[in-house]
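Enquirer: Take a look at the letters that make up each chain.
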Amino acid sequence: MTAILQLNGVEKAFGGLKALDGVTIDLNEGEILSVIGPNGAGKSTLFNVITGVYTPDAGNILFRGRSVVGLAPFQVTTLGISRTFQNVHLFPQMTVLENAMVGQHCRTKAGLFGALFPFGSTRREEARIRERAVAALEFFGTRLAGYRQRQPAYVLSYANRRRLEMARAIATEPTVLLLDEPTAGMNPRETLELRDNINRMRDELGLTLLVIEHDMRVVKGVSDRVIAMDYGKPIAEGTYDEVANDPQVIAAYLGTKAVG
Amino acid sequence: MPAPLARAWKPALIAGIVVVYVSAVGLIEQFAEVYAIGTQVSLARVLLLLPLFLAGWVATRTTVERGERKVLAMPQAALSGAVTGLVGGAMVSIVLLAVDAIDPDTIGEVLIAVSTKLLGIVSFDQSLGTGIVLWLVLGAVVGALGGVVRALSPGARRVVLAGPLTIGVLAILQRVVSTAIKELGFRPDFLYDSKTSGLTWAGGIAAAVIVTLAVVGRDVLRSRPEAAAAPAARPAAASTGLGGFTTRQLVQGAVAIIAVLALPWVIGTALSGTVGTVMIFILLGLGLNIVVGFAGLLDLGYVAFFAFGAYATALLTGAQVNTTDGAGDPAFSLGLNFYVAIPIVVLLAAGVGLLVGSPVLRLRGDYLAIVTLGLGEVVSTLVTSKWAEGLVGGPQGMRDITGGDIGPTDFQNNPRHFYYLALVFVLLALYTSWRLQYSRVGRAWNAMREDEQVADAMGISTTRYKLLAFATGGAIGSLGGALLAIQLGSLTPRSFDVNVSILALAVVILGGLGSLRGVMVGSLALVGLPGFLREFEEFRPLALGAVIIAIMLLRPQGILPNVRVTEDIADEDRDQDAWARAAAGQPATETSAVEPA
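Chains A and B are the protein sequences, given in the same order.
1 is the number of the first residue of the first sequence in my numbering; add one for each residue after it.
1 is the number of the first residue of the second sequence in my numbering; add one for each residue after it.
Any given hint might turn out to be false.
[What the hints assert, rightly or not] Covered stretches of chain A (in silico footprint by chain B; criterion: 3 or more residues with CB under 8 Å from a CB of chain B, positions within the stretch not fixed):
1) 68 to 74
2) 86 to 99
3) 111 to 120
Since the hints were derived computationally from the structure, they do not count as laboratory data.
Note that the Cβ used here is the ideal one computed from N, Cα and C, for glycine as well.
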């Protein structure tokens, strides 16, 4: 198994707070790796340094052997790492289909002149953008199908907004997909459906996934491996059962009893 | 407090304040001699009573009390409207009595518009006592009408309002319409009184009846069963694209094209000039719409591109600078043909766009607005400065700009000819905006407008697309400047102050950010209307402010918002039904079972 994304001793501090304190993680091609940890453990910061929102203070991040440190977010996305956000961020005034079509942006080329003179290649490209955006939306079955694609994104239900965000990320045709709390705020039934969807992303789309998740049923149901973080550091790594029974992890979540 | 009064006092208070305000600023006196219909109904009187009508309308709104919707039935609606109008009229009466007691001319020393004459006009040219009685009676009647109209069904309301609105439009556009009738070789006497220049009673009523009948006729046709089925077929028809126009659409298109081409010959020379200016602002609006509406970059210094287009055109086509003793050659000058110069101007303006864009790339929202405001001021100051005298004439400006004529045309002196030149430019800009709107570039801009960071995370280079927006918007704005140079034949820096930026922004916002039709409507309303109704000119800033506040409060998306958004919401139910029918063959999915939205 080859590591497609490698983090070596990544550090990131905000003022005096070390959000990431020497994180070393290997993400293997084709696996689903879950990151768990209490609030403020540095999970979202981890996503932000991988995708170029923050530049790490130290350490290196290699994607397919090439360093992505210092690249802008759009460059990282173009290389093949896409993401969703902890709080859903869509383009609310654009239609559902257009949201997904934006995802295709980095895979296409048409510019000003293509728009003004829509012949041959531009036309074919636009058709392809549409086709692939629809395909990405249809990953979620009928949830984002049909008339919904012509609605502005802001009319969608909460769960559908999360799905659309994932569809948009899929439409960028990534190799690695980072999902930040994909089931947050969903009801139990939607959560179970999404658990299956995450598995399908790997099995059907061939994606490698890094998932931040709080719902332990989902973590259990999707993860090949689990990493637990606390205070900006991985404190345990292994299968779900190994990590879930790790005394350090239990302590991080439940707190240690004060020794009297 | 009795129920009608509880509903009435707030709208009545606001209406009363509006009446007093428009009187005190001089608007009423200005319109006292502008007759809408006959000699009885002047625009001033309409303006005085319209707030009470609207107050009656507002007071009759459906309210929610303790979770229950209270829809007023007809008699209650009339009562509530009448009470509102009465209270509003009483308010005005009290102010009239007070003003009379203090002596209007004393007040006039502070509020210069207030005078004995104004008091007379506001008292409907009667004695104060009769005027007050009239205010109470007319207030109640007009308010009741407002309430009654509100309580009608939408269909009936359309029919009832069609006539009065027709008269209103014909009265406001009296100069346009009467010139048009003259130009077509008829005498407008049957419609407009040659002495008052307002509508005649016979003509006004005839026009109102015709339009009302047309509205009724259309509604009757629409309500026939085969017509009712038509909307369902619309999505299919709309998606067939170029070849799939219906006969109806083709006829409408042909009529529109003929109307646009014939316009300057119908409205006369003077108004063609106004329309030419409107088109210059359509160009500015379209350009600014790309920057603000599509890409969401609030640019308050847009006048820079307008000035650049005008001066660059002048310099490239060999204009002279004004000096204290006549005219001289500018420091830099080329004697190019206008049509050779234009592409160069546009390209250079795009370059200026990059220049303006690059220092502000990191800025957003308020900060961007302030910095661009400063950059615009820099340009205005530069062209006015002594320092620029050698190049663009400084405060004296430039003259002898080419007319850009082809063969027999005379763009500079004949507004009708200029109209066609402007039309070509506007069509070019419209095509560009329209193509960009739904292209990959337009989507990238929209995404950036909605959420810059997320757009970045989805693979869009925000730097690149911000610069592209400034360059494209600047290029279109420079076309407006080039047109201005042709239209005037001379330039002074006074044409390029911050007001142009603000007016262009108002055009875009009024029409609806991101909407192309909106830019055209906004420009017609803000630039055209003061030209059509000259009395209005002086009060343009006042009206501008009032209209923009009202639009922002009541309809923040603009008069004609970007179609796709509203249409999609309005058609949602229909779409859902159509989709559900289409999907009926499939087994019922879990979608319908759990979907909360």
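Enquirer: Would you list, in rising numerical order, the hints stated earlier that this structure does not obey?
Expert: Structure breaks no hint.
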